[in-house]
Amino acid sequence: MDNNSAAYWKATLSLLTKILVIWFVVSFGAGIIFKPALDSISLGGYPLGFWFAHQGSIYIFIACIFYYARKMGEIDRKFDVHED
Amino acid sequence: MDLQTLTYLVVGASFALYVGIAYWARAGSTSDFYVAGGGVHPVTNGMATAADWMSAASFISMAGLIANMGYGGGLFLMGWTGGYVLLAMLLAPYLRKFGKFTVPQFIGDRFYSKTASTVAVVCLLTASITYVIGQMTGVGVAFSRFLGVSNAVGIYVGMGIVFVYAVFGGMKGITYTQVAQYIVLIFAYVIPAVFISFQLTGNPLPQLGLGSTMSGTEVSLLDKLNLVVSDLGFSEYTSSVPGSYLNMFVYTASLMIGTAGLPHVIIRFFTVPKVADARYSAGWALVFIAILYTTAPAVGAMAKLNLHATVNSAVGLETDANGKLVVNPATVNANPDLYAPEASLAYENRPDWMKRWEQTGLLKWEDKNGDGRIQYYNDRTANADAKARAEAAGWNGNELSVNADIIVLANPEIALLPNWVIALVAAGGIAAALSTAAGLLLAISSAVSHDLIKNVIKPDISEKNELLAGKLSMVAAILLAGYLGLNPPGFAAGTVALAFGIAASSLFPAIMMGIFSKKMNKEGAVAGMLAGLVVTCFYVFAHKGLFFVQGTEFTHLIGGPNSFFGIVPEAFGAIGALVNFAVAFTVDKFTKEPPEHIQQLVEDVRVPRGAKAVHGAH
Chain A
1 MDNNSAAYWK
11 ATLSLLTKIL
21 VIWFVVSFGA
31 GIIFKPALDS
41 ISLGGYPLGF
51 WFAHQGSIYI
61 FIACIFYYAR
71 KMGEIDRKFD
81 VHED
Chain B
1 MDLQTLTYLV
11 VGASFALYVG
21 IAYWARAGST
31 SDFYVAGGGV
41 HPVTNGMATA
51 ADWMSAASFI
61 SMAGLIANMG
71 YGGGLFLMGW
81 TGGYVLLAML
91 LAPYLRKFGK
101 FTVPQFIGDR
111 FYSKTASTVA
121 VVCLLTASIT
131 YVIGQMTGVG
141 VAFSRFLGVS
151 NAVGIYVGMG
161 IVFVYAVFGG
171 MKGITYTQVA
181 QYIVLIFAYV
191 IPAVFISFQL
201 TGNPLPQLGL
211 GSTMSGTEVS
221 LLDKLNLVVS
231 DLGFSEYTSS
241 VPGSYLNMFV
251 YTASLMIGTA
261 GLPHVIIRFF
271 TVPKVADARY
281 SAGWALVFIA
291 ILYTTAPAVG
301 AMAKLNLHAT
311 VNSAVGLETD
321 ANGKLVVNPA
331 TVNANPDLYA
341 PEASLAYENR
351 PDWMKRWEQT
361 GLLKWEDKNG
371 DGRIQYYNDR
381 TANADAKARA
391 EAAGWNGNEL
401 SVNADIIVLA
411 NPEIALLPNW
421 VIALVAAGGI
431 AAALSTAAGL
441 LLAISSAVSH
451 DLIKNVIKPD
461 ISEKNELLAG
471 KLSMVAAILL
481 AGYLGLNPPG
491 FAAGTVALAF
501 GIAASSLFPA
511 IMMGIFSKKM
521 NKEGAVAGML
531 AGLVVTCFYV
541 FAHKGLFFVQ
551 GTEFTHLIGG
561 PNSFFGIVPE
571 AFGAIGALVN
581 FAVAFTVDKF
591 TKEPPEHIQQ
601 LVEDVRVPRG
611 AKAVHGAH
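From first to last, the protein sequence lines stand for chains A and B.
Quick note on numbering: our numbering labels position 16 of the first sequence as 16, and the sequence is numbered without any gaps.
Quick note on numbering: our numbering labels position 241 of the second sequence as 241, and the sequence is numbered without any gaps.
Hints were generated in silico from the structure; no laboratory data involved.
Nothing here was measured: the structure is a model prediction, and the numbers come from that model.
One should not assume that every hint holds.
As the list claims (entries may be wrong) - Simulated restraints, written as ranges between beta carbons of each label pair:
#1 B/F585 / A/N4: 24 to 30 Å
#2 A/Y59 / B/G397: 38 to 44 Å
#3 A/F24 / B/N465: 36 to 42 Å
#4 B/E596 / A/F24: 45 to 51 Å
Backbone N, C-alpha and C fix where the C-beta goes; we use that ideal spot for every residue, glycine too.
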């Protein structure tokens with residue numbers, strides 16, 4: 001049981017890490033740090049870096065949360081700790 | 001029907017709806033009162049959370065802020081949405097599993113310490129009360145601008161409405177009115193944006209319109225806006241940075257962490273039936289928030305272009321036979337001289353909406369060069385070319401001052417939308433303020449009745465009496481909020497920085513460590529919270545005065561304004577959070593680890609199985 005809960009927690013943390021990396025890259029990365037460089041690319045009438053700061057990061061945040069919720073559900077069932 | 005009557009009707013109908021819901025959703029138990037009985041559907045909760053979160057400031061002021069800040073305004077957009085990723089993954093599901101009524105209760109139980117929960121209560125009350133002042137003044141502003149009554153009358157009416165559903169319905173009444181308020185506010189926000197996007201770009205979706213070309217031309221809207229504002233000496237729209245990229249980075253981080261740590265948002269996730277629901281519900285909340293937050297940058301940019309075009313015909317919009325602002329493709333393509341004498345709008349020809357907003361004082365014109373025309377440009381520009389051209393044209397200083405709030409409030413009038421849209425915007429602004437105020441008031445009253453009365457002063461209180469205590473605390477909180485709204489302390493504007501700073505530097509790290517660090521003990525948590533709080537308050541007070549008292553600023557002690565790597569005080573919460581973590585782990589290392597049953601509690605909080613509907617019994 002202890003082994004199982006340790007493995008469950010490890011799987012959870014590894015999922016969190018993956019998503020937090022994406023969360024960081026699209027906002028702080030593409031929207032701020034690499035914004036000037038990305039602006040030379042355009043997305044329709046948007047400079048790409050500007051688009052990430054004003055639009056894109058928000059869409060990806062939403063995707064991150066739903067992906068997290070779905071994956072956590074799978075992890076819960078795999079380790080048999082899901083709710084009924 | 002005239003605009004005033006129509007506005008009264010629409011706002012009145014929205015109030016009748018809220019009161020009707022309040023009657024239907026009365027609270028019969030403490031569980032109803034604190035967590036709406038724990039049976040709220042995750043999508044419903046997502047919608048209520050969106051209304052809870054989007055305040056008068058989000059609705060009325062944010063697009064204007066973005067219009068002024070350009071690219072830099074992205075810090076609000078990313079900061080106030082990115083926090084939901086943290087909330088969804090790091091806090092909400094675990095706090096839901098813990099299954100109690102309040103945030104301080106988690107901190108108190110997890111750190112087995114009344115001191116810890118008391119510090120948390122103090123942080124919660126400070127953050128929520130400072131935040132609620134802004135909502136009450138927002139209610140007053142919305143009333144006075146749209147309904148022509150005084151601020152005070154607006155606040156009394158707002159207090160009355162909140163009283164009906166928050167006191168009798170508690171979280172249950174608040175949840176379902178917030179759903180109704182979300183629907184009102186989102187239509188009020190999006191409809192004018194769709195009209196304006198369509199007028200300027202032919203694309204009805206503002207999110208796509210902002211990235212499109214202007215109707216009948218190959219010129220992208222953002223390129224045109226960049227060109228116009230830079231020519232007039234403002235900084236380029238898509239690349240103006242607030243201070244420095246570092247400041248923007250830290251500011252964004254502070255808003256994200258603060259968002260995740262604000263108690264009135266966290267407690268919304270106690271209302272869903274299961275842990276899995278809490279995860280999805282955060283996603284739904286962000287979907288509903290994103291509808292407004294991805295529209296706002298379009299509203300900001302388009303309204304800014306509209307405003308420039310209204311007072312300067314060389315921008316390339318003109319008024320058609322119906323009085324609507326439409327794109328003139330030939331002018332847009334030709335880029336005529338913005339400084340040409342006849343390009344500036346003659347004051348006597350100004351449109352009606354400018355006359356109306358002049359009366360409120362939010363829009364002012366002063367004819368500095370005596371030519372009877374309106375010159376709107378940046379007279380303090382560092383751009384030598386713009387300066388020289390303005391001088392050559394005989395411009396004698398910027399003549400138009402525009403309050404940022406006009407961007408949203410006057411938007412439907414600028415685009416000449418039908419009166420019912422204007423009335424709807426009024427109802428939307430009031431809905432945004434009321435829904436956030438109610439959420440904050442519940443966080444305040446539950447901290448008083450549950451964390452102070454039930455857990456500290458009178459632990460043997462019966463459920464019936466605790467419910468009564470909750471309702472009485474709500475009454476007191478509404479009276480306090482109303483008083484502060486009527487007599488806003490001079491510092492009111494600066495205090496939202498403090499709310500986010502406190503949530504980010506004290507509450508968020510404490511909750512997160514409570515879940516993710518099994519060995520974190522009470523000494524570490526309390527020291528961390530206090531350190532984060534003190535450091536953040538110190539930096540904020542240095543800039544804004546000790547407890548916001550004017551004249552007690554002490555920036556000289558910290559080496560001048562923004563001395564910490566150019567970071568503004570509003571952005572300091574993330575630094576406070578780092579201090580909190582560092583102090584907590586250091587103190588934790590030198591003190592003894594938490595007892596076995598607490599470590600077991602952490603193990604238990606981490607897995608979803610066994611979650612029960614939230615209830616109050618220990």
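For each hint, the structure was consulted:
B/F585 and A/N4 have their C-beta atoms about 28 Å apart, which keeps the hinted 24 to 30 Å range intact. The supplied range of 38 to 44 Å is met by A/Y59 and B/G397, whose beta-carbon atoms lie about 42 Å from each other. Distance hint for A/F24 and B/N465: a CB-CB separation of about 48 Å, inconsistent with the stated range 36 to 42 Å. Checking the proposed 45 to 51 Å range against B/E596 and A/F24 shows it is violated: the Cβ atoms sit about 36 Å from each other.
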